[in-house]
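*Asks:* Residues in the sequence shown are numbered from 71 upward in steps of one, following the working numbering.
Among the clues, some could well be false.
Said to hold, decoys possible - Distance windows between CB atoms, simulated:
1. Gln219 to Gly119: 18 to 24 Å
2. Arg546 to Ser375: 55 to 61 Å
3. Lys480 to Ser562: 47 to 53 Å
Don't read these hints as lab results, they were simulated from the structure.
Being a predicted model, the structure only gives us computed values, none of them experimental.
Virtual Cβ for every residue (Gly too), placed ideally from N, Cα, C.
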Amino acid sequence: MTWQMADIWENIAAAIPDKPAIVDGDKRYSWSEYEERAARVAQILTDHGLRPGAKLSIYSYNAAEYMETQFGAFKARVTPVNVNYRYLEAELTHVINNSDSEALVFQAQFAPRIATIRDQLERVRLFLEIDDGSGEHLDGALDYEETLQSTQPMPSIERSNDDIYMLYTGGTTGMPKGVMYDHKSFATALLAKGFEMREMEPPTDASGFGALVQQLHAAGATGRSIPACPLMHGTGMWIGAMVPHSLGGCVILCNNSHFDPAALWQLAQDEKVTDITIVGDVFAKPMLAALEAAKAAGQAFDLSSLQLMGSSGVMWSTEVKRGLLGHLPHMAIVDSMGSTEGSMGTSITTVENIDSDQTAKFEMNPTTRVLTEDGKPVVPGSGEMGLICNGGMVPLGYYKDEAKSAATFKTFDGVRYSIPGDFATVEPDGSITLLGRGSACINSGGEKIFPEEVEEALKTHDSVYDCLVVGVPDDRFGQMVTAVLSIAEDASFDEAELNEHVRSKLAAYKAPRAIILVDEVPRAANGKAGYKAAREIALDRLQVPA
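All chains, please: the whole structure from these sequences, using the hints.
*Replies:* Printed below as a string of structure tokens:
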């Protein structure tokens with residue numbers, strides 16, 4: 071038996087056919103219904119000539135059809151490709167063509183954009199359109215639901231541990247790149263972490279998941295999870311959907327075309343949710359504000375079922391964690407450090423240890439190391455910076471990019487590591503403090519300044535709602551530290567006070583020499599920093615040539 075994700079979920083569906091698997095508004099599917107719909111998708115792909123190893127792009131907000139299409143692709147041994155729904159024509163064309171996608175499953179609201187690039191899509195032979203009520207339609211596209219209902223479910227087939235799973239990066243350091251894993255390495259590493267968080271031993275192969283989830287359901291220990299962040303990114307899909315599903319849980323989807331924290335809490339209350347997955351302060355701050363507003367109005371949410379809130383990829387400050395635990399003292403907060411290229415560390419915060427929590431401080435995974443650029447371990451407590459190297463969940467490489475693969479995935483002392491470029495120091499107790507991505511590092515007067523630590527210092531001031539820090543050209547120092555920030559509601563802005571606040575927490579040279587106010591700090595849909603856009607804003611406002 072393989073560790074292919076379709077095999078795992080088929081075993082679960084056979085073991086708990088009548089238990090809930092997907093909730094998406096009025097759509098509620100049991101595990102047997104979810105499996106059957108995915109099998110119909112698999113047959114559609116096969117009928118249109120997609121063979122094992124073919125690629126399929128999914129262009130959709132969070133929806134039941136997204137999950138079904140991914141499951142169906144796994145069943146047919148086709149590789150699903152995530153497409154960011156915020157992409158414009160150039161980025162959209164790049165991902166679909168770069169991935170060699172032969173099919174595109176999309177929500178109808180995106181039909182006008184697809185129509186403008188359709189002639190540029192080199193290999194797409196199947197356009198499958200999800201009716202989202204928008205009234206839009208792409209000429210020649212097949213209707214998703216009609217095609218699914220007229221297609222018989224594909225019988226289960228033999229699959230391979232070596233089938234490819236691929237997730238495209240958010241394009242933080244250039245155009246998006248496809249990060250490739252084989253199913254066995256991906257599934258074992260991802261699910262091992264999920265089981266570890268729940269203090270459980272994972273099965274030895276896919277066939278063991280059926281008995282496991284039956285036991286969990288009998289004990290009332292299965293989860294009901296909301297991925298509040300996009301399924302098109304690793305945090306939402308991996309932590310919010312794949313791990314709960316692989317434990318026999320139900321994934322509950324909410325409309326994420328815009329973020330409504332009060333509606334999210336209401337859904338969590340109504341569905342008796344146990345887990346919510348978010349992306350750092352970008353989600354957590356407005357969620358905390360919604361809790362406070364509801365309590366002040368005498369309409370506090372009943373969130374007694376909520377056991378865990380998880381996040382990855384973006385800073386989640388101690389102050390906001392403390393605020394959430396003040397409302398939800400029974401909950402655990404799991405903050406993971408990682409990227410599309412793999413997980414590196416975790417911090418778990420509860421009311422018992424919140425006073426010792428430090429923003430951007432993580433316990434290293436057993437397979438993680440912090441090494442100098444020549445491969446030597448950083449000594450704990452030395453204060454020396456090193457690159458975070460993940461030796462566990464290591465991708466095969468970037469799709470069709472051997473040069474970038476060689477630069478990111480390296481071998482030291484016989485161990486292959488994923489090194490996406492994040493720097494950290496190692497504390498005396500062996501934990502690590504994340505400094506930031508080297509590609510975003512600011513060089514001012516010969517000093518390295520990581521934007522994340524300046525952002526963290528700024529965000530501890532009550533007036534700051536959100537911020538990004540970038541470097542802009544400077545004749546004297548090479549680069550000037552510049553903050554692009556938004557102010558909290560009803561707060562006043564005092565640049566000198568903010569600058570002094572940063573100086574009270576960091577060395578003076580790290581304090582912003584310019585602060586630019588914006589209504590909204592540029593971020594991707596998953597909350598990740600839009601440093602390129604922030605820098606363009608800074609250059610424009612300061613009238614500095616690039």
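*Asks:* Each hint should be assessed against the structure and marked as holding or not.
*Replies:* Hints, one by one, checked against the model:
1. Distance hint check: the CB atoms of Gln219 and Gly119 are about 21 Å apart, consistent with the given range 18 to 24 Å.
2. Take Arg546 and Ser375: their Cβ atoms lie about 57 Å apart, and the range 55 to 61 Å holds.
3. In this structure the hint that Lys480 and Ser562 lie 47 to 53 Å apart at CB holds, the actual value being about 49 Å.
Comparing the model with each earlier hint shows no violations; every hint is respected.
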